[in-house]
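With the hints as constraints, model all of the structure from the sequences given.
Quick note, the sequences are listed as chains A and B, same order.
Count along the first sequence from 1, add 131, and you get the number used in the working numbering.
Count along the second sequence from 1, add 131, and you get the number used in the working numbering.
Treat each hint with caution, since some may be false.
If several chains are the same, the list does not tell them apart, and a pair holds so long as it fits within one copy or across any two.
[Claimed, not checked] In silico BS3-like cross-links for lysine-lysine, where the CA-CA straight-line distance does not exceed 25 Å:
hint, residue 1, residue 2
1, K152, K258
2, K263, K152
3, K258, K293
4, K293, K263
It should be emphasised that the hints constitute simulated quantities derived from the structure, not laboratory data.
Protein chains: 2
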Amino acid sequence: MMDKRKLNADHSQPIRGADVKSYGGFCPVAKAAEVVAERWTPLIIRELLTGSHRFHEFERGLPGVPHSLLVQRLRSLERAGVIERRVVKDARRPEYHLTAAGQELSGIVASLGEWGQRWMHQTIGPKDVDPKLLMWDMHRRINLDRLPDRRIVIQFDFRGLKQQSFWLVLERPEPSVCFQDPGFEVDLWVTADTVALHNVWMGRRSFADALDEGRIEVDGPSDLARSFPSWLALNTFAHVPPANRALADSKLS
Amino acid sequence: MMDKRKLNADHSQPIRGADVKSYGGFCPVAKAAEVVAERWTPLIIRELLTGSHRFHEFERGLPGVPHSLLVQRLRSLERAGVIERRVVKDARRPEYHLTAAGQELSGIVASLGEWGQRWMHQTIGPKDVDPKLLMWDMHRRINLDRLPDRRIVIQFDFRGLKQQSFWLVLERPEPSVCFQDPGFEVDLWVTADTVALHNVWMGRRSFADALDEGRIEVDGPSDLARSFPSWLALNTFAHVPPANRALADSKLS
DNA sequence: CTGTATCCGGATCGATACTG
DNA sequence: CAGTATCGATCCGGATACAG
Numbered sequence: 132m133m134d135k136r137k138l139n140a141d142h143s144q145p146i147r148g149a150d151v152k153s154y155g156g157f158c159p160v161a162k163a164a165e166v167v168a169e170r171w172t173p174l175i176i177r178e179l180l181t182g183s184h185r186f187h188e189f190e191r192g193l194p195g196v197p198h199s200l201l202v203q204r205l206r207s208l209e210r211a212g213v214i215e216r217r218v219v220k221d222a223r224r225p226e227y228h229l230t231a232a233g234q235e236l237s238g239i240v241a242s243l244g245e246w247g248q249r250w251m252h253q254t255i256g257p258k259d260v261d262p263k264l265l266m267w268d269m270h271r272r273i274n275l276d277r278l279p280d281r282r283i284v285i286q287f288d289f290r291g292l293k294q295q296s297f298w299l300v301l302e303r304p305e306p307s308v309c310f311q312d313p314g315f316e317v318d319l320w321v322t323a324d325t326v327a328l329h330n331v332w333m334g335r336r337s338f339a340d341a342l343d344e345g346r347i348e349v350d351g352p353s354d355l356a357r358s359f360p361s362w363l364a365l366n367t368f369a370h371v372p373p374a375n376r377a378l379a380d381s382k383l384s
Numbered sequence: 132m133m134d135k136r137k138l139n140a141d142h143s144q145p146i147r148g149a150d151v152k153s154y155g156g157f158c159p160v161a162k163a164a165e166v167v168a169e170r171w172t173p174l175i176i177r178e179l180l181t182g183s184h185r186f187h188e189f190e191r192g193l194p195g196v197p198h199s200l201l202v203q204r205l206r207s208l209e210r211a212g213v214i215e216r217r218v219v220k221d222a223r224r225p226e227y228h229l230t231a232a233g234q235e236l237s238g239i240v241a242s243l244g245e246w247g248q249r250w251m252h253q254t255i256g257p258k259d260v261d262p263k264l265l266m267w268d269m270h271r272r273i274n275l276d277r278l279p280d281r282r283i284v285i286q287f288d289f290r291g292l293k294q295q296s297f298w299l300v301l302e303r304p305e306p307s308v309c310f311q312d313p314g315f316e317v318d319l320w321v322t323a324d325t326v327a328l329h330n331v332w333m334g335r336r337s338f339a340d341a342l343d344e345g346r347i348e349v350d351g352p353s354d355l356a357r358s359f360p361s362w363l364a365l366n367t368f369a370h371v372p373p374a375n376r377a378l379a380d381s382k383l384s
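See the structure below:
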């Protein structure tokens, strides 16, 4: 069946529906905020920037987003000219891609993340963890070139999480993550304290320290186990150190 | 009377209440978006960056924000460690200032504005205008050093707006704007088509063209009238040209 | 002036169930 | 898989009244 939405050959003006709640006025910050600063929108753009293009990928990367709200947001962003919905021929599922306008939001989203890592996220506590989301982020940030030239399967077990295992399937062209046993032979087993692995992933603790303290354990062939830490590219913002609030405030006085 | 909120000597962690609706998880973009991407928040930060520090100034710069919602947002931002509420001695009114964390949002807000001006704001139509807001923005962006060394009062009349005049009182240390006749002797009278003046202010039309077309008229002593355009620093984002959407899209294909 | 405290209609959000 | 439909709960916008 054909897609009924029109193809909008005229792009001389942004495509705006009446769905966005306007601030009124002429301020460009307000105009941008109407589109970009709505709930969930910055995270949808983050997902697009990190490689998600399909509806179910957004749902994986945005745990808790209501199904129907995600549809709304995608339509909204499409009308605002930030994303483009492509119905690829011979593929049943549509793909979403950033337009040129959308790609120019990458700096803003990156700055948001840096600011968040610097000021709002000085350490990661039990309330901040989310193993599924961690696994999803990990599969997007793997140094594939550090891996042997074959498929490597890693099983993750989080301590305290009852019965829940995850599998990282590292292969070309793209790693994937499974929440059920994919049936492949497992090359490495990682057992970790949930909070500790999050802190390592976010650059707040070193992998080596977590190993020494026994918070992370890697089992399997020793050559693989030794190189495993180098496979992890860590979170995009792991390199951003926390701000020293005490210092910052004293500078102000 | 003393302010009951505690002074929070310990700033090792951000001060967080339970008011912000959390996205959950550990993503720094999400943590930042919880604080910064709530409705009205980017505009409150814009106001702080452009020189507003008092409650009534925020209300002027944020037309339409509900009185009580503004209070909520200010508390929210204070708890998040983005702004600081100062009760200055011998002043009845508190002042709001950006903390070090808040100041580091300036780049994000600036980028938002540039993006908005570039993509969402290619021309300004009748729905985008707001004379009060325009006057408020103007009084914040005056090249005082181009002015004679005395108080200059300008009366603005927008064509089509019934009976509504505005006055710009240009004096040191700070210009001010009046929505009622301040009673000063007027030095210059500006009569303008509302949309045209907005377009000039946003860098979308030149002042000279608007004069030539008769959309803006300046009456008063000719030396003042001649130098008047140079007093206007224009909107912060007036220098940002619109993107060429047709070109951008063709590059993508 | 800077709040606090209401109230109310409507929009938005979050959760769930249903469809092709 | 990618949506629609629906339904409470919450939030927002706008108004008003009032206190320090």
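* Enumerated hints in conflict with the structure, sorted upward -> Of the numbered hints given earlier, the structure breaks none, since each of them holds.
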